[in-house]
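Colleague: Make a model of the complete structure from these sequences and hints.
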Amino acid sequence: MAKKLNMRKRYEVLTRGLGWEPTYQPKEKVFPQETYEGIKIVDWDKWEDPFRLTTDAYWKYQAEKDKKLYAVIDSFAQNNGHLNITDASYINALKIFIQGVSPLEYGAHRGYANLARQFSGEGAQLACQMQSIDELRHSQTQIHTLSHYNKHFTGLHDPFHMHDRVWYLSVPKSYFDDARASGPFEFITSISFAFEYILTNLLFVPFMSGAAHNGDMATVTFGFSAQSDESRHMTLGLEIIKFIVEQHEDNLEIVQGWIDKHFWRAYRVLGLVSAMQDYMLPDSPMSWKEAWDIYFVDNCGALFNDLGRYGLRMPKFHEQATVEAEHLSHQVYTVLYQFSNAAGFQTTVPTKEKMDWLSEKYPNTFDKYYRPRWEMYAQMEKEGKRYFNAGLPQICQVCQVPMCFTEISKGKPMDLSYRVSEFNSDKYHTCSDGCKEIFDHEPEKYTHAWIPPHQIFQGNCGGAEISDVLKYYNFNPEDGGEYHGSADEQMWKSAHGNNDNNSDAKESV
Amino acid sequence: MSKDKLFIILQNTEDARPFTEAFEQENPNAVFKYDQPGMIRIENNGFLGITKEVVSELAGHEVELQELHLVLVSLSGHVDEDDDYFRLSWN
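Residue numbers (this note's numbering), protein chains in the order written: chain A, 405 to 913; chain B, 24 to 114.
Simulated from the structure, these hints should not be mistaken for lab results. Please note: incorrect hints may appear among the correct ones.
With a straight-line cut-off of 27 Å between C-alpha atoms, the simulated DSS-like cross-links for lysine-lysine are [unchecked claim]:
#1 B/Lys26 x A/Lys646
#2 B/Lys28 x A/Lys720
#3 A/Lys555 x A/Lys471
#4 A/Lys758 x B/Lys56
#5 A/Lys408 x B/Lys75
#6 A/Lys469 x B/Lys75
Over 10 Å on every C-beta distance to chain B, these chain A residues come out as not near it, computed from the model [as the list claims (entries may be wrong)]:
#7 Gly423
#8 Tyr428
#9 Glu526
#10 Gln533
#11 Ser536
#12 Glu653
#13 Glu757
#14 Lys758
#15 Lys765
#16 Asn768
#17 Asp771
#18 Tyr781
#19 Val824
#20 Lys840
#21 Tyr876
#22 Asn880
Owing to the predicted nature of the structure, the values given are computational and were not obtained by experimental measurement. Heads up, the beta-carbon is just placed ideally off N, CA and C, and yes, glycines get one too.
Modeller: Written out as structure tokens, the structure reads:
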């Protein structure tokens with residue numbers, strides 16, 4: 405009887421020697437994207453997947469993960485789990501998640517499917533196939549999990565349609581589109597390394613922990629289920645960087661340029677996460693700044709300390725991102741607050757307890773710069789003049805975040821930051837040195853950006869009135885605006901028996 | 024902060040228990056943090072590792088180390104894995 409092979413041998417048998425040299429067509433026509441970025445691969449057999457998952461093990465463990473998740477989803481629905489969260493306002497964080505993040509998972513699925521086709525090494529093909537299937541599983545399980553909330557709350561009904569059209573969703577969409585419109589090596593550096601390795605912990609770990617803190621067991625479960633795959637992706641991302649840099653000395657400079665670019669792109673996307681974490685979770689277990697210090701400063705410090713022997717250094721402008729950590733969520737949430745009349749979620753002034761928590765977590769900035777602003781908004785709301793911004797914001801040509809960031813690294817946190825580039829005698833505006841440098845490196849690419857306010861003004865988004873645009877987004881009137889008095893709040897109060905109408909009804913009985 | 028700090032985060036569940044305890048037993052200097060809901064963060068300088076023998080002993084039955092995937096939340100460092108051990112390190 406044949407002896408069972410050990411793990412190394414099983415992986416080797418699966419990923420080596422199954423390819424062949426094409427004879428009908430030249431190799432560069434069979435793998436047309438493999439060389440044009442300038443990356444030189446000498447020996448694909450040096451590609452190693454440290455987890456050495458074989459196909460049978462992969463399906464076995466993925467099936468087990470799904471079984472666990474779907475058991476939780478069922479019991480969550482059977483126990484009316486949506487009524488056991490801390491507060492209905494919490495759901496607004498989930499709305500941004502399913503509108504902004506789940507479609508990225510699907511985008512990653514398509515991206516890795518393309519890589520599995522474009523890379524000529526069999527180890528890389530297998531790894532990209534598995535990751536492609538993982539990403540599809542993530543978007544599916546997120547949709548399945550959150551569909552229960554869709555029965556009871558607004559804004560969750562059409563995330564993929566929204567993702568392709570809505571102004572704040574162009575922030576995550578444009579980042580992924582940028583990566584997917586690049587060559588295969590830039591894509592994998594962007595998503596597997598800059599996003600998955602350097603920054604994904606900041607998205608999933610505090611957010612899932614926040615879900616646990618707010619009684620949302622369904623989200624915790626899909627989050628952990630996806631995160632176990634992410635650990636595999638991160639590990640692979642690190643291997644890939646080492647593999648590319650070790651293959652040829654010419655690769656180092658190209659890869660470092662991509663790490664710089666995609667770190668900054670992905671960091672700007674996470675501005676939305678910072679607002680969710682600090683402002684949209686009724687109970688936050690950890691502030692954005694704390695998460696940044698653990699998962700970026702500590703973690704990536706150790707990572708690049710290790711990668712230094714390959715000649716790689718920390719991504720450019722990382723110091724700026726660290727200095728901004730005390731301001732980021734406050735600036736981004738202010739934009740969401742001002743424009744939520746045109747959003748698929750509701751916002752509100754933070755409660756007194758929340759503001760005290762923010763003062764404690766942001767001792768250098770919150771009371772000085774941001775508390776007075778929230779107190780002014782609270783006062784306006786009290787007077788029946790809830791503030792919504794009636795104009796359309798100017799948008800950064802690269803990250804597509806409205807121009808809300810300030811000159812923090814220059815020590816002027818109250819001065820708006822913007823940069824201007826000229827290309828073909830037109831002017832283009834960016835929000836920061838990081839975004840300007842990305843624009844200036846490839847202006848031909850970013851002049852094509854689909855900038856939502858420009859598109860609205862050009863008449864490409866359903867019409868000239870806000871109501872026309874909201875219809876184009878497939879938003880219902882009750883989806884956005886102020887949380888107090890919203891349909892979600894009404895539903896919550898009536899389900900918990902403290903609705904005003906409800907108590908009237910009881911009295912009349 | 025030490026420059027070669029490593030971490031692994033596991034779900035705080037019964038299925039993860041033999042793995043968590045093996046990390047405890049086999050890495051005496053590791054620090055265990057329970058401050059985030061639902062998870063256990065295990066930190067050490069330079070190295071973290073477990074063996075199949077210890078995990079199986081703690082579970083009371085034979086465990087395939089790849090079952091770690093079912094309870095893994097996040098990690099850092101280079102992974103070195105085989106049938107009978109799982110290791111994280113910075114080089």
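Colleague: Decide, hint by hint, whether the structure agrees.
Modeller: How the hints compare with the structure:
1. Pair hint B/Lys26 plus A/Lys646 holds up; C-alpha atoms about 19 Å apart against a cutoff of 27 Å.
2. Restraint check for B/Lys28 and A/Lys720: satisfied, since their Cα atoms lie roughly 22 Å apart, inside the 27 Å limit.
3. A distance of roughly 23 Å separates the Cα atoms of A/Lys555 and A/Lys471; the hinted pair therefore holds under the 27 Å criterion.
4. Distance check on the hinted pair: A/Lys758 and B/Lys56 sit about 25 Å apart at the alpha-carbon level, within 27 Å; holds.
5. Restraint check: the Cα-Cα separation between A/Lys408 and B/Lys75 comes to about 17 Å, which is no more than 27 Å; the hinted pair holds.
6. Between A/Lys469 and B/Lys75, the direct Cα distance comes to roughly 21 Å. Compliance with the 27 Å bound is thereby established for this hinted pair.
7. The beta carbon of A/Gly423 is kept farther than 10 Å from every beta carbon of chain B, the shortest such distance being approximately 24 Å.
8. Its beta-carbon lying about 39 Å from the closest one in chain B, A/Tyr428 satisfies the requirement of being farther than 10 Å from that chain.
9. Look at A/Glu526: its CB is around 20 Å from the nearest CB on chain B, clear of 10 Å, so calling it non-interface holds up.
10. Remark: the non-interface label on A/Gln533 is consistent with the geometry, its nearest Cβ contact in chain B lying 17 Å away (cut-off 10 Å).
11. Separation of A/Ser536 from chain B is adequate, the least Cβ-Cβ distance of about 18 Å exceeding the 10 Å criterion.
12. Separation of A/Glu653 from chain B is adequate, the least Cβ-Cβ distance of about 20 Å exceeding the 10 Å criterion.
13. Look at A/Glu757: its CB is around 19 Å from the nearest CB on chain B, clear of 10 Å, so calling it non-interface holds up.
14. Consistency note on A/Lys758: stated as away from chain B, and its beta-carbon is indeed over 10 Å from all of that chain's, at 18 Å minimum.
15. Taking the minimum C-beta to C-beta distance to chain B, about 14 Å, the non-interface status of A/Lys765 holds against the 10 Å cut.
16. Even its closest Cβ contact with chain B, about 20 Å, leaves A/Asn768 beyond 10 Å, as expected for a residue assigned away from the interface.
17. Taking the minimum C-beta to C-beta distance to chain B, about 25 Å, the non-interface status of A/Asp771 holds against the 10 Å cut.
18. No beta-carbon of chain B comes within 10 Å of the beta-carbon of A/Tyr781; the shortest separation is about 31 Å.
19. For A/Val824, the shortest C-beta to C-beta distance to chain B comes to about 39 Å, beyond the 10 Å cut-off, and the non-interface label holds.
20. Residue-level check passed: A/Lys840 sits 32 Å from the nearest beta carbon of chain B, beyond 10 Å.
21. With a cut of 10 Å on Cβ distances, A/Tyr876 stays outside the contact zone with chain B, its closest approach being about 39 Å.
22. With 10 Å as the threshold on Cβ separation, the claim that A/Asn880 sits away from chain B holds: the shortest Cβ distance comes to roughly 33 Å.
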